[in-house]
Amino acid sequence: MEISVLRNVLDANDLIARENRRDFDAHRCFVVNLMGTPGSGKTAILERTLEMLNGGVRAGVIEGDIQTSLDAERLVRFGHPVIQINTDPLFGGECHLDARMVRNALPALKLDGLDLLFIENVGNLVCPAEFWVGEDRKVMVMSVTEGEEKPLKYPLMFRVSHLLLLNKIDLLDRLDVDVDRFLANVARVNPNLRVIQVSAKNGQGCDEWVTWLQVQRVEKEGTDGERG
Amino acid sequence: MAALDGLPRPLPRVSRVTVRIGRLTAVAPGSLRYHFDLLAPGTFLEGAVLDIEEIPIRGRCGDCTARFEIDTLSFTCPACWSGLVELLSGRELQVVSLDTAEEVPCGN
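From first to last, the protein sequence lines are chains A and B.
Using our numbering, read the first sequence as starting at 2 and increasing by one per residue.
Using our numbering, read the second sequence as starting at 68 and increasing by one per residue.
Calculated from the structure, these hints are not laboratory results.
Treat the hints with care, since some could be wrong.
Said to hold, decoys possible - Interface residues of chain B toward chain A, partial, derived using beta-carbon atoms under 7 angstroms:
(1) L91
(2) A93
(3) L105
(4) S141
(5) S156
(6) Q161
As the list claims (entries may be wrong) - Here are the simulated lysine to any residue pairs, SDA-like style, with alpha carbons at most 25 angstroms apart:
(7) A:K154 - B:L154
(8) A:K154 - B:S156
(9) A:K154 - B:S98
(10) A:K154 - B:R134
(11) A:K154 - B:T167
(12) A:K154 - B:I122
(13) A:K154 - B:E136
(14) A:K111 - A:R182
(15) A:K221 - A:D116
(16) A:K154 - B:Y101
(17) A:K111 - A:E48
(18) A:K202 - A:Q215
(19) A:K154 - B:T110
(20) A:K202 - A:K221
(21) A:K154 - B:R125
(22) A:K154 - B:E153
(23) A:K221 - A:R19
(24) A:K221 - A:L16
To be verified - Calculated Cβ distances over 10 angstroms to all of chain B for the following chain A residues:
(25) E3
(26) N55
(27) I67
(28) Q68
(29) S70
(30) H81
(31) Q85
(32) N87
(33) T88
(34) A106
(35) V178
(36) Q215
Just so you know, these numbers come straight off a predicted model, no measurement behind them.
We put the CB at the ideal spot given by N, CA and C, even for glycine.
Can you make the complete structure from the sequences, with help from the hints?
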């Protein structure tokens, strides 16, 4: 006999993500899920961003890695609250953050003191794309060294992201990278994905990135929050 | 395992599990099958056949309303080149149904 189930496997995750989202909205906290390949420069982008935001917007970070608190340690010096999640000791070494892990970290953050929360995901171009953790926007970081064909190889990640930071442009004069071909491939997979070329190392393009952030945050203040 | 809510207790032995995986979903059917075979023994799923329905990626153009299949290399409308494409299918990750063996009544 056939028993109809018709349940989405990720329903359980999305239920918790909605709870996270309610808490974020209640405290008027705008949340960015920062994703990308290991080594693309996610933490470096956050270092540059927190430095630029200093004294203005109240920001916080949830830092996700399989092991170590090395990334969190790089970020604490800017004076914003930083919480580290290690997926290995607590959750079995997951290659991505999910809503439950983020919810577990929330009590350690004072959300009412935050305008902006960055969730730096585990370095991975596959699984993080599937897990909504309650964020407002998904932002991808990619390095110019990763290859022009990346969007064709990882279409889901490029489809779900709202913004792509193409990082390490300070290296371009030493590489044979065809940025135009990369941008064309991005457009094939997600014509609506905005790309900002940046260098976390020397700050190029970062004012455009931070402006985008501020505009997104302020725009949300004027609307009902909706799932990003 | 939330899919177990609503199933009769004790859990029936299952002969077939049907799941739907969209072509864009970040789950590899072969990997799911491998892990299913590894984890099912000793559970109510032991011996069950895993049926995976792979769902194609289909889109609808927001400008010219054309519907089309997407091979993951291009998400623009093939009819009018619009980038305003709504995905109709391809992101599924769903347990569709469980088939149980018929219960045979005990004789005296």
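Consistency of the hints with the structure:
1. For the restraint placing L91 of chain B at the interface with chain A, the shortest Cβ-Cβ distance is roughly 5 angstroms, inside the 7 angstroms limit, so the hint holds.
2. The closest approach between the C-beta of A93 of chain B and any C-beta of chain A is roughly 5 angstroms, which is under the 7 angstroms cut-off, so the hint is satisfied.
3. A least Cβ separation of about 15 angstroms between L105 of chain B and chain A goes past the 7 angstroms threshold, and the interface hint is therefore violated.
4. With a least beta-carbon distance of about 5 angstroms to chain A, the hint placing S141 of chain B at the interface is held under the 7 angstroms criterion.
5. Contact between S156 of chain B and chain A, as hinted, is not supported at the beta carbon level, the nearest pair being about 13 angstroms apart and thus beyond 7 angstroms.
6. Hint status for Q161 of chain B relative to chain A: holds, with the closest Cβ pair at about 5 angstroms, below 7 angstroms.
7. Restraint check for K154 of chain A and L154 of chain B: satisfied, since their Cα atoms lie roughly 18 angstroms apart, inside the 25 angstroms limit.
8. Taking the CA atoms of K154 of chain A and S156 of chain B, the gap is about 19 angstroms. The hint holds against a cut of 25 angstroms.
9. For the suggested pair K154 of chain A and S98 of chain B, the alpha carbons sit about 18 angstroms apart, so the restraint of at most 25 angstroms is met.
10. At roughly 24 angstroms between alpha-carbon atoms, K154 of chain A and R134 of chain B fall within 25 angstroms of each other, so this suggested pair holds.
11. Proximity of K154 of chain A to T167 of chain B is assessed by CA-CA distance (about 39 angstroms); at most 25 angstroms being required, the pair is judged violated.
12. Restraint check: the Cα-Cα separation between K154 of chain A and I122 of chain B comes to about 19 angstroms, which is no more than 25 angstroms; the hinted pair holds.
13. Restraint check for K154 of chain A and E136 of chain B: the C-alpha separation of about 18 angstroms stays at or below 25 angstroms, so the hint holds.
14. In summary, the hint linking K111 of chain A to R182 of chain A is not supported, as the alpha carbons are separated by about 44 angstroms, beyond the 25 angstroms threshold.
15. For the hint pairing K221 of chain A with D116 of chain A, the CA-to-CA distance comes to about 12 angstroms; that is within 25 angstroms, so the pair holds.
16. Simply put, K154 of chain A and Y101 of chain B have alpha-carbon atoms about 23 angstroms apart, close enough for the 25 angstroms limit, and the pair holds.
17. At most 25 angstroms may separate the alpha-carbon atoms for a hinted pair to count; K111 of chain A and E48 of chain A meet this at roughly 21 angstroms.
18. As the CA atoms of K202 of chain A and Q215 of chain A are separated by approximately 21 angstroms, the hinted pair is consistent with the 25 angstroms bound.
19. With a CA separation close to 36 angstroms, the supplied pair K154 of chain A and T110 of chain B exceeds the 25 angstroms bound.
20. Of the pairs offered as hints, the one joining K202 of chain A and K221 of chain A is violated, with about 30 angstroms between alpha carbons and a cut-off of 25 angstroms exceeded.
21. Under the criterion of a C-alpha separation no larger than 25 angstroms, the hint pairing K154 of chain A with R125 of chain B is consistent with the structure, at around 18 angstroms.
22. The hinted pair formed by K154 of chain A and E153 of chain B meets the criterion: a straight-line CA distance of about 20 angstroms does not exceed 25 angstroms.
23. The straight-line distance between the Cα atoms of K221 of chain A and R19 of chain A is roughly 17 angstroms, inside the 25 angstroms bound, and the hint therefore holds.
24. Using a Cα cut-off of 25 angstroms, the hinted pair K221 of chain A and L16 of chain A holds, with the two alpha carbons roughly 22 angstroms apart.
25. With a closest Cβ-Cβ approach of about 5 angstroms to chain B, E3 of chain A is found to fall inside the 10 angstroms limit, against its non-interface label.
26. Taking the minimum C-beta to C-beta distance to chain B, about 36 angstroms, the non-interface status of N55 of chain A holds against the 10 angstroms cut.
27. The Cβ of I67 of chain A lies farther than 10 angstroms from every Cβ of chain B, with a closest approach of about 17 angstroms, so its non-interface assignment holds.
28. Look at Q68 of chain A: its CB is around 22 angstroms from the nearest CB on chain B, clear of 10 angstroms, so calling it non-interface holds up.
29. In this structure S70 of chain A is separated from chain B by more than 10 angstroms, as the shortest Cβ-Cβ distance comes to about 27 angstroms.
30. Against the 10 angstroms criterion, H81 of chain A stays outside the reach of chain B, whose nearest CB is about 31 angstroms from its own CB.
31. The claim that Q85 of chain A is not at the interface with chain B holds, since no C-beta of that chain comes within 10 angstroms of its own (minimum 25 angstroms).
32. Interface exclusion of N87 of chain A from chain B stands, the closest Cβ pair being 22 angstroms apart, more than 10 angstroms.
33. Distance to chain B confirms T88 of chain A as a non-interface residue, since its nearest Cβ pair spans about 16 angstroms, more than 10 angstroms.
34. No Cβ of chain B approaches the Cβ of A106 of chain A within 10 angstroms, the least distance being about 23 angstroms, so the stated non-interface status holds.
35. For V178 of chain A, the shortest C-beta to C-beta distance to chain B comes to about 20 angstroms, beyond the 10 angstroms cut-off, and the non-interface label holds.
36. No Cβ of chain B approaches the Cβ of Q215 of chain A within 10 angstroms, the least distance being about 26 angstroms, so the stated non-interface status holds.
When the structure is compared with the earlier hints, violations turn up for hints 3, 5, 11, 14, 19, 20 and 25 and for no others.
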